[in-house]
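Enquirer: The lines below spell out each chain.
Number of protein chains: 6
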Amino acid sequence: MENNPTRLSHVDPDGRARMVDLTDKPATARTARARAEVWFPPDAARTLGLLGPECAADLVGPKGPVFQTARLAGIMAAKRTSDLIPLCHPLPLDAVAVDLRVVGDGLVEITATCKTTHKTGVEMEALTAASVAALTVYDMCKALSHAIEIRHLCLVEKTGGKSGHARP
Amino acid sequence: MENNPTRLSHVDPDGRARMVDLTDKPATARTARARAEVWFPPDAARTLGLLGPECAADLVGPKGPVFQTARLAGIMAAKRTSDLIPLCHPLPLDAVAVDLRVVGDGLVEITATCKTTHKTGVEMEALTAASVAALTVYDMCKALSHAIEIRHLCLVEKTGGKSGHARP
Amino acid sequence: MENNPTRLSHVDPDGRARMVDLTDKPATARTARARAEVWFPPDAARTLGLLGPECAADLVGPKGPVFQTARLAGIMAAKRTSDLIPLCHPLPLDAVAVDLRVVGDGLVEITATCKTTHKTGVEMEALTAASVAALTVYDMCKALSHAIEIRHLCLVEKTGGKSGHARP
Amino acid sequence: MENNPTRLSHVDPDGRARMVDLTDKPATARTARARAEVWFPPDAARTLGLLGPECAADLVGPKGPVFQTARLAGIMAAKRTSDLIPLCHPLPLDAVAVDLRVVGDGLVEITATCKTTHKTGVEMEALTAASVAALTVYDMCKALSHAIEIRHLCLVEKTGGKSGHARP
Amino acid sequence: MENNPTRLSHVDPDGRARMVDLTDKPATARTARARAEVWFPPDAARTLGLLGPECAADLVGPKGPVFQTARLAGIMAAKRTSDLIPLCHPLPLDAVAVDLRVVGDGLVEITATCKTTHKTGVEMEALTAASVAALTVYDMCKALSHAIEIRHLCLVEKTGGKSGHARP
Amino acid sequence: MENNPTRLSHVDPDGRARMVDLTDKPATARTARARAEVWFPPDAARTLGLLGPECAADLVGPKGPVFQTARLAGIMAAKRTSDLIPLCHPLPLDAVAVDLRVVGDGLVEITATCKTTHKTGVEMEALTAASVAALTVYDMCKALSHAIEIRHLCLVEKTGGKSGHARP
Numbered sequence: 040m041e042n043n044p045t046r047l048s049h050v051d052p053d054g055r056a057r058m059v060d061l062t063d064k065p066a067t068a069r070t071a072r073a074r075a076e077v078w079f080p081p082d083a084a085r086t087l088g089l090l091g092p093e094c095a096a097d098l099v100g101p102k103g104p105v106f107q108t109a110r111l112a113g114i115m116a117a118k119r120t121s122d123l124i125p126l127c128h129p130l131p132l133d134a135v136a137v138d139l140r141v142v143g144d145g146l147v148e149i150t151a152t153c154k155t156t157h158k159t160g161v162e163m164e165a166l167t168a169a170s171v172a173a174l175t176v177y178d179m180c181k182a183l184s185h186a187i188e189i190r191h192l193c194l195v196e197k198t199g200g201k202s203g204h205a206r207p
Numbered sequence: 040m041e042n043n044p045t046r047l048s049h050v051d052p053d054g055r056a057r058m059v060d061l062t063d064k065p066a067t068a069r070t071a072r073a074r075a076e077v078w079f080p081p082d083a084a085r086t087l088g089l090l091g092p093e094c095a096a097d098l099v100g101p102k103g104p105v106f107q108t109a110r111l112a113g114i115m116a117a118k119r120t121s122d123l124i125p126l127c128h129p130l131p132l133d134a135v136a137v138d139l140r141v142v143g144d145g146l147v148e149i150t151a152t153c154k155t156t157h158k159t160g161v162e163m164e165a166l167t168a169a170s171v172a173a174l175t176v177y178d179m180c181k182a183l184s185h186a187i188e189i190r191h192l193c194l195v196e197k198t199g200g201k202s203g204h205a206r207p
Numbered sequence: 040m041e042n043n044p045t046r047l048s049h050v051d052p053d054g055r056a057r058m059v060d061l062t063d064k065p066a067t068a069r070t071a072r073a074r075a076e077v078w079f080p081p082d083a084a085r086t087l088g089l090l091g092p093e094c095a096a097d098l099v100g101p102k103g104p105v106f107q108t109a110r111l112a113g114i115m116a117a118k119r120t121s122d123l124i125p126l127c128h129p130l131p132l133d134a135v136a137v138d139l140r141v142v143g144d145g146l147v148e149i150t151a152t153c154k155t156t157h158k159t160g161v162e163m164e165a166l167t168a169a170s171v172a173a174l175t176v177y178d179m180c181k182a183l184s185h186a187i188e189i190r191h192l193c194l195v196e197k198t199g200g201k202s203g204h205a206r207p
Numbered sequence: 040m041e042n043n044p045t046r047l048s049h050v051d052p053d054g055r056a057r058m059v060d061l062t063d064k065p066a067t068a069r070t071a072r073a074r075a076e077v078w079f080p081p082d083a084a085r086t087l088g089l090l091g092p093e094c095a096a097d098l099v100g101p102k103g104p105v106f107q108t109a110r111l112a113g114i115m116a117a118k119r120t121s122d123l124i125p126l127c128h129p130l131p132l133d134a135v136a137v138d139l140r141v142v143g144d145g146l147v148e149i150t151a152t153c154k155t156t157h158k159t160g161v162e163m164e165a166l167t168a169a170s171v172a173a174l175t176v177y178d179m180c181k182a183l184s185h186a187i188e189i190r191h192l193c194l195v196e197k198t199g200g201k202s203g204h205a206r207p
Numbered sequence: 040m041e042n043n044p045t046r047l048s049h050v051d052p053d054g055r056a057r058m059v060d061l062t063d064k065p066a067t068a069r070t071a072r073a074r075a076e077v078w079f080p081p082d083a084a085r086t087l088g089l090l091g092p093e094c095a096a097d098l099v100g101p102k103g104p105v106f107q108t109a110r111l112a113g114i115m116a117a118k119r120t121s122d123l124i125p126l127c128h129p130l131p132l133d134a135v136a137v138d139l140r141v142v143g144d145g146l147v148e149i150t151a152t153c154k155t156t157h158k159t160g161v162e163m164e165a166l167t168a169a170s171v172a173a174l175t176v177y178d179m180c181k182a183l184s185h186a187i188e189i190r191h192l193c194l195v196e197k198t199g200g201k202s203g204h205a206r207p
Numbered sequence: 040m041e042n043n044p045t046r047l048s049h050v051d052p053d054g055r056a057r058m059v060d061l062t063d064k065p066a067t068a069r070t071a072r073a074r075a076e077v078w079f080p081p082d083a084a085r086t087l088g089l090l091g092p093e094c095a096a097d098l099v100g101p102k103g104p105v106f107q108t109a110r111l112a113g114i115m116a117a118k119r120t121s122d123l124i125p126l127c128h129p130l131p132l133d134a135v136a137v138d139l140r141v142v143g144d145g146l147v148e149i150t151a152t153c154k155t156t157h158k159t160g161v162e163m164e165a166l167t168a169a170s171v172a173a174l175t176v177y178d179m180c181k182a183l184s185h186a187i188e189i190r191h192l193c194l195v196e197k198t199g200g201k202s203g204h205a206r207p
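Just so you know, the sequences run in chain order D, U, A, Y, X and Z.
End of the first sequence sits at 207 in the numbering used here; the numbers just go up one at a time, nothing left out.
End of the second sequence sits at 207 in the numbering used here; the numbers just go up one at a time, nothing left out.
End of the third sequence sits at 207 in the numbering used here; the numbers just go up one at a time, nothing left out.
End of the fourth sequence sits at 207 in the numbering used here; the numbers just go up one at a time, nothing left out.
End of the fifth sequence sits at 207 in the numbering used here; the numbers just go up one at a time, nothing left out.
End of the sixth sequence sits at 207 in the numbering used here; the numbers just go up one at a time, nothing left out.
This is chain D alone, in the form it adopts within the complex (with noise of 0.2 Å):
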């Protein structure tokens, strides 16, 4: 039986999930930047001053405590990312950063930067830190609506590694 004619990187050839065994690769400097967008319907996000000139500042306003939450929550969720996702690897971070801003009327976006010195990249950091911060977003604004909804969760952009520098 051929389960796994991809080699998918975390498939066995019997088909069975799998880590990728790090064990011969070399430490080195990565950094991985993903981006996510919460889009509100109109009136929530006029509650919030999500729309027109105000739009610029990120800790004005109610929506100053949401984005400072939310970039909190990002911050530590990257942090856990191997605990949540099955089979990332546990690494050590240099450094975790999270980004809101409003982009358009009712639009926030999201960029969450992570760093390592480590043997595989941290892309799933990036991505978990991005994912939980906008979860952080809806909880803290879902009594105004619940139509909020998360949208292009993404890599952005990646350095280190075999690939080296690459955006997808």
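Since no wrong hints were added, every one of them can be taken at face value.
One copy or any two copies: either way a pair holds, since identical chains are not told apart in the list.
Below, a list of computed lysine to aspartate or glutamate pairs in the DMTMM-like style, where the Cα atoms sit at most 25 Å apart:
| # | residue 1 | residue 2 |
| --- | --- | --- |
| 1 | Lys64 | Asp138 |
| 2 | Lys201 | Asp63 |
| 3 | Lys64 | Glu196 |
| 4 | Lys64 | Asp51 |
Just so you know, the hints here were simulated from the structure itself, not pulled from any lab data.
In this text, all values refer to a predicted model and were calculated from it rather than measured experimentally.
Take the given structure of chain D and dock chains U, A, Y, X and Z to it, following the hints.
Expert: Chains U, A, Y, X and Z in isolation, oriented as in the chain D frame:
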């Protein structure tokens, strides 16, 4: 200073993040269902067998171990929700179910359903389960493409609590 | 050998650590409030704006992000209490609130309040929240001085349970 | 707006909490030692054997299991530091030791020492270990008195890193 | 395809892992008791004082700190059961007790008892407590011998729930 | 009082539990392999397809989802080892693999292999992975029989470190 004219449930009148006080709420049966999509570029979709007539079953072919791992990761993440989302209440879960299926060329739909009998709902638990299941799919397939994207994470339905049966 | 003439609730007659058995206790509404102080040497206090007439508000100036981060760390730690304190029971929390304010030159007071409806109290949850909030203040300010000190962590008040309303 | 004239290492120029970036720091051997005191009112001190000539040993009498449990709780908490303190880096620990001894009538001193070979220090690990050990002592003795107080949690000494050997 | 003729409670008819749905089950008092053995080769047993007439007490001699550490590790692990076993429900524990005693030359018996008042039993909590206590004994003694073995981990008795009082 | 004539590595001369100090140990490549057995009574073995000629493959029939869930639970538990075993060091894991196969009528063998490049070995990680995988098998099959037993959990082999290649 009026920092919270919006009466966000998770922000106090002085703009400080806070947990909602459940002391006087009755424990009732509650459910929530959330969904997310994972989108694959065509080459990765082809390799994983996410195209054409084989799409129906979720355990056959290379996607089998991916979907099974993601399901378990989602279930386990639901139980960690209050560890991840700063202002979520810890609560006993009656059930968690996570399903993955191919709904179009290169498009995987993840549905997470949570149930509790408690003073507050399980919306965040369902969203967290769907989110971590989607991240796990990404993790196991990222060797195929870094352009995989997680899309449209949202609440589908909730029952129980003050608002009763609701679809956003 | 009589190792426990004191009938410590958490030590059995043979001197072995044990959890208290809650089987026959009724679930009742309970609260606990704990406090701690963080003391800063004068230079650090001046730099942080912990002196003179600006002391009132907790979100203005350099201390703003420190206090906000500490508040969230305290809330999240309350939820981890039974993971940290070996003989504590896991329990559902109805509410956690953590407040920080400047109460004198270079002196920050942290107050943590926890609520539950359960068979045992939330004294340890309130103390743990205050303690971790204080450690977080220390962490964020330690570049200013290593002489910062955490002082007078104690219970202020508890209600509910066998002893009813009590102040130590 | 100049929100951070103090250049707090954990706050960026816009007043946002952040982790320090360790990318370019060398890994060196580092240690930190922290201490805390637990104060007991006279009746509780007498019951626990914290008075007079028996004070020396820490494993004899009713305080034995209390001290042993607190030691382990402190050691385990050191390993959870980066889970608890939002902006702490996860790091490998070379050693953790926690000691408790009676230093006066009704006064227990807790000392926690942590070691690592990493890019940042273990000050927060030592403080967290001492803090959780003290909370565990409180938990196990709270049936005797709610006036027990945790006092003077501070750093005693650190070695390694940019500042070399330092006593605050 | 009929993948589950056995109606395993944790596998759905399509062969997918699932949590049992507790929504309609009543909360009742439940207990479970599990046991495990740790076997030591003769030299290690002699060194640890696990031979002959000294066997009775568990706190005397070199085995004292080993047994005490294992007891606490087992109690704490019981509280983490739903974090470890993917399809276990999180639940409040009324009590956890772990005992270790020498039952023969080089043979240590570990008994773990858990209690809850909930919709499902605490069988897995008792087995997890016994298991982690046994692993802790191994860890602390492995410098003496790597041939130490953990044996016969099983359920001894459970009460409450649909099956009432049961011994396997 | 001489409490530790045995020089147990995890107990100090005064009988206090302690972590081993790794400060001066070099980081080297290390592996460990552990195994456990899960024994099923005949009826349960028959229902699960653990008898006769079908025994070879691990993903076919009712045992498929059981084995897959156990594999992931074991891998994830390896990453939690230092959270569970009080005196274990946290360490980065290079790889974790868990395999399950039927080795006789009603007898399932679990093998767990862990790798690291660190100052201490991964023996406890491998034993913890095998142990939690076995508990997960029990959990998913306990509706069939409560007489299922976990047996013979032991180290099979370790490489690296002072003792080099060793089989107990």
